[in-house]
Amino acid sequence: ETGVTQSPTHLIKTRGQQVTLRCSSQSGHNTVSWYQQALGQGPQFIFQYYREEENGRGNFPPRFSGLQFPNYSSELNVNALELDDSALYLCASSNTGRSSYEQYFGPGTRLTVT
Amino acid sequence: GDSVTQMEGPVTLSEEAFLTINCTYTATGYPSLFWYVQYPGEGLQLLLKATKADDKGSNKGFEATYRKETTSFHLEKGSVQVSDSAVYFCALSDGPNAGGTSYGKLTFGQGTILTVHP
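Residue numbers (our numbering), protein chains in the order written: chain G, 1 to 114; chain U, 1 to 118.
With the rest of the complex left out, here is chain G (with noise of 0.2 Å):
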């Protein structure tokens, strides 16, 4: 069974770019969801997608967007890089029609904005 897995491991970027970070579900979920991780922090829910829609998005701005492909992989777009969107984004999958909602998390992506 093939874990998730994240893409890239590091990111710099400067302010006022614009990014996109890359997640592959683990085998058999149909659903992903991106949490964004501040540096001594615990996740704060960014977006879900399921079924290549957003099925649900927690308190971010429309800067930060997402897709969701066929085989359930899924990106997350940043436009307009600030400096306070440097973090570890991390990336959940499961398998949504389980009542106890088991996500698993990828490594993450760490994103630098100087």
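All the pointers check out, no bait thrown in.
Listed next, the stretches of chain G that the computed footprint assigns to chain U, with coverage defined by at least 3 CB atoms under 8 Å from CB atoms of chain U:
(1) 43-55
(2) 85-95
(3) 102-112
Read the hints as simulated data drawn from the structure, not as lab findings. Predicted model, so just to flag it, every value in this text is computed and none were measured. The beta-carbon is built from N, C-alpha and C at its ideal position, and this holds for glycine as well.
Assemble chain U onto chain G, guided by the hints.
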């Protein structure tokens, strides 16, 4: 809205000591509760879970019991090892009864840093 509160850290213990990390939550409906562990430079790993009141989750010597009356899910281990040093996160997931719009969003506590010395 939903929230999770963990005990302030960091926690420093000697090997073979008893561990308790407190976690309390506020939620509507009937959430599922989780403990995740994060080792340095890595993502989150699911440690254990409980999906209803009085359930006990356990894994690798760690245990936590879902206490609805006290809205708590404290993590315990009888004898910690150096390899248990990590950051531990308590989390809840809105369940299928959350207004019919639940989708399993995880709400995390702030994390507790555990350091175990030989």
